[in-house]
Amino acid sequence: MRDAVIVGAVRTPVGRRKGGLAGVHPVELSATVLRELAARTGLDPADVEDVLWGCVSQVGEQSWNIGRNAVLAAGWPEQVPGTTMDRQCGSSQQALHVAAATVISGQADLVVAGGVESMSRVPMGSSNAGADPYGPSIQARYGTDSFNQGVGAEMIAARWGFGRAQLDEYALESHAAAAKAQQAFAAEIVPVAGISADEGIRRDTSLEKLGQLKTPFKADGVVTAGSASQISDGAAALAVTTSDWAKAHGLTPLARVHTAVVAADDPVIMLTAPIPATAKALKRSGLSLDDIGVYEVNEAFAPVPLAWLAETGADPERLNPRGGAIALGHPLGASGARIMTTMLHHMRQSGITYGLQTMCEGGGMANATILELL
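Okay, so the sequence shown: first residue is 9 according to this note's numbering, each after it adds one.
One should not assume that every hint holds.
[What the hints assert, rightly or not] As a list, the in silico DSS-like pairs of lysine-lysine whose alpha-carbon atoms are at most 25 Å apart:
hint	residue 1	residue 2
1	217	188
2	222	26
3	26	291
The set of hints was computed from the structure by calculation and includes no laboratory data.
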């Protein structure tokens, strides 16, 4: 029976908006992790049967199928195809799901999944250009022609009763955890443009500083830029194959893609789907939450992982142990693969058998993936 195993995972540092990676074309960011993935695993790029690349703002420098362009820029054989996909913030996590399904089904033996976003060079929302992407039926159904994630985060905070102090405390803990993990991160990062560490971590932040920030989404709200993910630049890639193919070609399986699901919820509040996605993944896997040694829940906004904790009853000590997007940043199309790379390395360094990753996505969706350490 065919399975799907990850034999390599690498990422760039996550750069601040207009920071050290802002001068690097997103195709070059992508090509960098592809080349490094091949170098670290020993895979022959000629054996790669497809490259599945996540990217949200597919316009400008990220247009015209950046997945294929990344292959060419990496110097890989012209015979290696590539495509680009968009499931909003979960685009590269979805790319991993498709890669796993592709090798399990026998349509291919070796597939690379990953993604990129240069939010410095291609600002969020660029692909919309002021147009209405919803149309009259959606507007009539939901009574709005605009869906705002920040407003959704405020709605979550109100529904679950999270106050400003609780969100600021969570944000402070994210920065502290990420700062503590910097040495561990070195194993998963390939330096780019002289940058070898994540740029968004604020070691000098404090509850006092966080408490001074404005609440842009609601006049009397609780969500600030400090308790939201950072606008960032970066790329990440994972190599996916079967156990048998890896053995035959001298590659070392690191983890098995045990379970992969997607779920959806209310598109107005937008950010709650990680809760049903987690339940779906656990049911399909036959595992319990206690079986999972690490939970990575993307920190789009602090209320998202906090609501997930409240609903699941999970152990907070296992949640985002190396910080998350509040501290590290959230390069949209790359984040699914970036988080997966971080979780995989953490599992291997800590001897954790099962890890679960989930992240909220535009439109009220969420992917959830369970990895099994090998």
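Against the structure, the hints come out as follows:
no., hint, verdict
1, 217 <-> 188, "holds, 20 Å"
2, 222 <-> 26, "holds, 22 Å"
3, 26 <-> 291, "violated, 42 Å"
Violated hints amount to a single one, hint 3; each of the other numbered hints is respected by the structure.
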